[in-house]
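Chain order of the listed sequences is Y and R. Our numbering numbers the first residue of the first sequence as 1 and each following residue consecutively. Our numbering numbers the first residue of the second sequence as 1001 and each following residue consecutively.
Any given hint could be a false lead.
[Said to hold, decoys possible] Simulated crosslink set (DSS-like; lysine-lysine; CA at most 27 Å straight-line): (1) Y:Lys19 with Y:Lys48; (2) Y:Lys299 with Y:Lys281; (3) R:Lys1017 with Y:Lys292; (4) Y:Lys210 with R:Lys1054; (5) Y:Lys38 with R:Lys1054; (6) Y:Lys85 with Y:Lys67; (7) Y:Lys299 with R:Lys1031; (8) Y:Lys290 with Y:Lys326; (9) Y:Lys299 with R:Lys1091; (10) Y:Lys48 with Y:Lys326; (11) R:Lys1054 with Y:Lys326; (12) R:Lys1104 with R:Lys1017; (13) Y:Lys29 with R:Lys1104; (14) R:Lys1017 with R:Lys1054; (15) Y:Lys299 with R:Lys1054; (16) R:Lys1091 with Y:Lys210; (17) Y:Lys281 with Y:Lys176; (18) Y:Lys52 with Y:Lys176; (19) Y:Lys290 with R:Lys1054; (20) Y:Lys19 with Y:Lys67; (21) R:Lys1054 with Y:Lys48; (22) R:Lys1017 with Y:Lys281; (23) Y:Lys387 with Y:Lys29; (24) Y:Lys326 with Y:Lys19; (25) Y:Lys48 with Y:Lys29; (26) Y:Lys29 with R:Lys1031; (27) Y:Lys281 with R:Lys1031; (28) R:Lys1104 with Y:Lys48; (29) Y:Lys29 with R:Lys1030; (30) Y:Lys210 with Y:Lys299; (31) Y:Lys342 with Y:Lys19; (32) Y:Lys342 with R:Lys1091.
No wet-lab data here; the hints were simulated from the structure. Bear in mind that the values here come from a model prediction, so they are computed numbers and not experimental data.
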Amino acid sequence: MAEDRIEPAIELARSGDIKYLCYDALSEKEIQLASLRKLRNSTEGHDKYIEKRLEPILPFCANRGLKLVSNMGSANPLRAAEVIKGLCRKLDVRGLKIASIVGDDVLSIMREIDPVVAETGQPVSAFGERVISANAYIGAEAILTALRQGADIVVGGRIADASLYLGPILHEFGWKADDWDRIARGLIVGHIMECGGQSTGGNFADPGYKDVLDLHRLGFPIAEVFESGETILTKVPGSGGMVTTATVTEQLLYEMGDPANYIEPDVIVDITEATVEQAGKDRVWIRGVKGKPRPLQLKVALGVLDGFIGEGMLFFGGPGAYEKAKLAGEIIMKRLDLIGVKSEELRIDLVGVNAIFQPNYELAVVAPREVGIRVAGRTCDRAEAAKIAYEVNACPTNGPAGMSALSGGLTRDDVREVLAYYHTFIARERVRPTVSVETVN
Amino acid sequence: MATVRLREIAHTRSGDKGDDSNIAVIVYDKKNYDLIRREVTVERVERMYAGVVKGAVERYELPNLGALNFILHNALGGGVTRTLRIDGHGKSMGCYLLDLGIEKG
């Protein structure tokens, strides 16, 4: 995750019996935001936390030969490599080979190919000038090339999350390029590891039902991969969290579609016969994964400027909080209508009641003593979005009794530009990642 | 006939891919797999998420893992980058399913 904890990597580098450390810092949201940063400033677009993450780790690369693989290059891998080299020099860590991978940026050929956008059914050109980025999800091949050239640190852009882990595995075992079952097993190692703590007890605890210890010092996962591709998932002994068949199964099925056809750039994975078995305390076997030939097309993430969102949130407490919040919602709707705010979509949530979800079943209604009113609207321009936030913030002296702000009278950042993720597909031959390796002297 | 909440016999994990949400339902004990297979149907999931899912609901069976995997198409308000929803990734989606009544026997 782009904004994940910093310390677990240090624990792994110091105490984990590992050869490679992989960082997955991208998501649908992240590559778009990075592209926007690069659009505004060409020296930006790499992950903001490269230095913070790597400063404590580089000494382990120098002293114990730990290798790093990452997509922290984000929208600017070349710049990321420069930042890493600069960090090496600053720490006086010499002799490391830094590899950068480019070629996932396919914006220029989008215009030429003009493929159909999956979400809209229209060609990319229908978005006009609003498309500001296009990045193909590339696989492990370029990582393998970099490692074969002796790279110690590999940094790329929109490399598929799980492929970051597959690259080192391919390098270690030299499996045949069409050994789809093994490649699938290597890919699934990445799928389970890519979300860090989500396989070792994170995003899992449900007190009384699923109890997890020491989540404040959650240990991130370690994969012990065998030549067959079968793997034991574990973590640094003594670290927080736990590795059980339940934690691993949850992560195995995370973001899973059709389990017989999990499509990735390197292989199509079939987990319909996979098994997850406890092999000891905090050690779990993953076996039975099968694979099919890799797809002929690669998915491309498009970044499309898509207007603005204006938002405000305030709270009521005590008896009548629910009725007051509902009333505030009605008032705000009428205000927006009165002053003529143009929004494409408006949403009113009662926080503490139905803001996350309003399930369609009967539940006893208990009058909560604290309810928030949240209003969010999608608009074409920034000024209209700001009006929505303004109207919510103007409510306390013009609305129901006892309305409280978010923090000490100040409101949070309430207008944001939307850079939307859409996706399409192009023939994989049109994407040609290249690797350049440099030694830091 | 005894009824329990799904929470007593299974756990869930939700993920997102664009505007689609997936909910994996995993039994704590594999002896209850056939029970959830019978009780946690596409129709019941469609009904519970009726206000939210704009597309189809699919169900995949994974007896090897004691799990069902549901895909809720177009359930996330356009996806995390565009949505007005607070829970953009839909990480809480599956939690609501845990209130589903399961008839044992």
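Here's how the hints hold up against the structure:
Our distance criterion of 27 Å between C-alpha atoms is met by Lys19 (chain Y) and Lys48 (chain Y), whose separation comes to about 25 Å. A threshold of 27 Å between alpha carbons decides the hint, and for Lys299 (chain Y) with Lys281 (chain Y) the separation of about 39 Å lies outside it, so the pair is violated. Straight-line distance between C-alpha atoms of Lys1017 (chain R) and Lys292 (chain Y) comes to about 21 Å, which keeps the hinted pair within the 27 Å bound. A threshold of 27 Å between alpha carbons decides the hint, and for Lys210 (chain Y) with Lys1054 (chain R) the separation of about 32 Å lies outside it, so the pair is violated.
In summary, the hint linking Lys38 (chain Y) to Lys1054 (chain R) is not supported, as the alpha carbons are separated by about 35 Å, beyond the 27 Å threshold. The straight-line distance between the Cα atoms of Lys85 (chain Y) and Lys67 (chain Y) is roughly 15 Å, inside the 27 Å bound, and the hint therefore holds. A threshold of 27 Å between alpha carbons decides the hint, and for Lys299 (chain Y) with Lys1031 (chain R) the separation of about 39 Å lies outside it, so the pair is violated. For the given pair, Lys290 (chain Y) sits about 53 Å from Lys326 (chain Y) by alpha-carbon distance, which is inconsistent with the 27 Å threshold.
Note on Lys299 (chain Y) and Lys1091 (chain R): the hinted pairing holds, with a Cα-Cα distance of about 23 Å set against a maximum of 27 Å. In summary, the hint linking Lys48 (chain Y) to Lys326 (chain Y) is not supported, as the alpha carbons are separated by about 40 Å, beyond the 27 Å threshold. Simply put, Lys1054 (chain R) and Lys326 (chain Y) have alpha-carbon atoms about 25 Å apart, close enough for the 27 Å limit, and the pair holds. A C-alpha spacing of about 34 Å is found between Lys1104 (chain R) and Lys1017 (chain R), which places the hinted pair above 27 Å, so the restraint is violated.
Distance restraint check for Lys29 (chain Y) and Lys1104 (chain R): the Cα-Cα separation of roughly 42 Å exceeds the 27 Å cut-off, and the hinted pair is therefore not satisfied. For the hint pairing Lys1017 (chain R) with Lys1054 (chain R), the CA-to-CA distance comes to about 15 Å; that is within 27 Å, so the pair holds. Annotation: proposed proximity of Lys299 (chain Y) to Lys1054 (chain R) holds, straight-line Cα distance about 24 Å (limit 27 Å). For the given pair, Lys1091 (chain R) sits about 17 Å from Lys210 (chain Y) by alpha-carbon distance, which is consistent with the 27 Å threshold.
Under the criterion of a C-alpha separation no larger than 27 Å, the hint pairing Lys281 (chain Y) with Lys176 (chain Y) is inconsistent with the structure, at around 34 Å. Our distance criterion of 27 Å between C-alpha atoms is broken by Lys52 (chain Y) and Lys176 (chain Y), whose separation comes to about 38 Å. Restraint check: the Cα-Cα separation between Lys290 (chain Y) and Lys1054 (chain R) comes to about 33 Å, which exceeds 27 Å; the hinted pair is violated. A C-alpha spacing of about 6 Å is found between Lys19 (chain Y) and Lys67 (chain Y), which places the hinted pair at or below 27 Å, so the restraint holds.
For the proposed pair Lys1054 (chain R) and Lys48 (chain Y), the alpha carbon gap of about 36 Å is over 27 Å, so the pair is violated. With a C-alpha separation of about 33 Å, the suggested pairing of Lys1017 (chain R) with Lys281 (chain Y) is violated against the 27 Å cut-off. The suggested pairing of Lys387 (chain Y) with Lys29 (chain Y) holds, with an alpha-carbon distance near 25 Å, which does not exceed 27 Å. Straight-line distance between C-alpha atoms of Lys326 (chain Y) and Lys19 (chain Y) comes to about 56 Å, which puts the hinted pair past the 27 Å bound.
This hinted pair checks out: Lys48 (chain Y) and Lys29 (chain Y) have alpha carbons roughly 14 Å apart, not beyond 27 Å. Using a Cα cut-off of 27 Å, the hinted pair Lys29 (chain Y) and Lys1031 (chain R) is violated, with the two alpha carbons roughly 40 Å apart. A distance of roughly 23 Å separates the Cα atoms of Lys281 (chain Y) and Lys1031 (chain R); the hinted pair therefore holds under the 27 Å criterion. For the hint pairing Lys1104 (chain R) with Lys48 (chain Y), the CA-to-CA distance comes to about 52 Å; that exceeds 27 Å, so the pair is violated.
Straight-line distance between C-alpha atoms of Lys29 (chain Y) and Lys1030 (chain R) comes to about 36 Å, which puts the hinted pair past the 27 Å bound. As the CA atoms of Lys210 (chain Y) and Lys299 (chain Y) are separated by approximately 36 Å, the hinted pair breaks the 27 Å bound. In summary, the hint linking Lys342 (chain Y) to Lys19 (chain Y) is not supported, as the alpha carbons are separated by about 56 Å, beyond the 27 Å threshold. A threshold of 27 Å between alpha carbons decides the hint, and for Lys342 (chain Y) with Lys1091 (chain R) the separation of about 31 Å lies outside it, so the pair is violated.
The earlier numbered hints that this structure contradicts are 2, 4, 5, 7, 8, 10, 12, 13, 17, 18, 19, 21, 22, 24, 26, 28, 29, 30, 31, 32.
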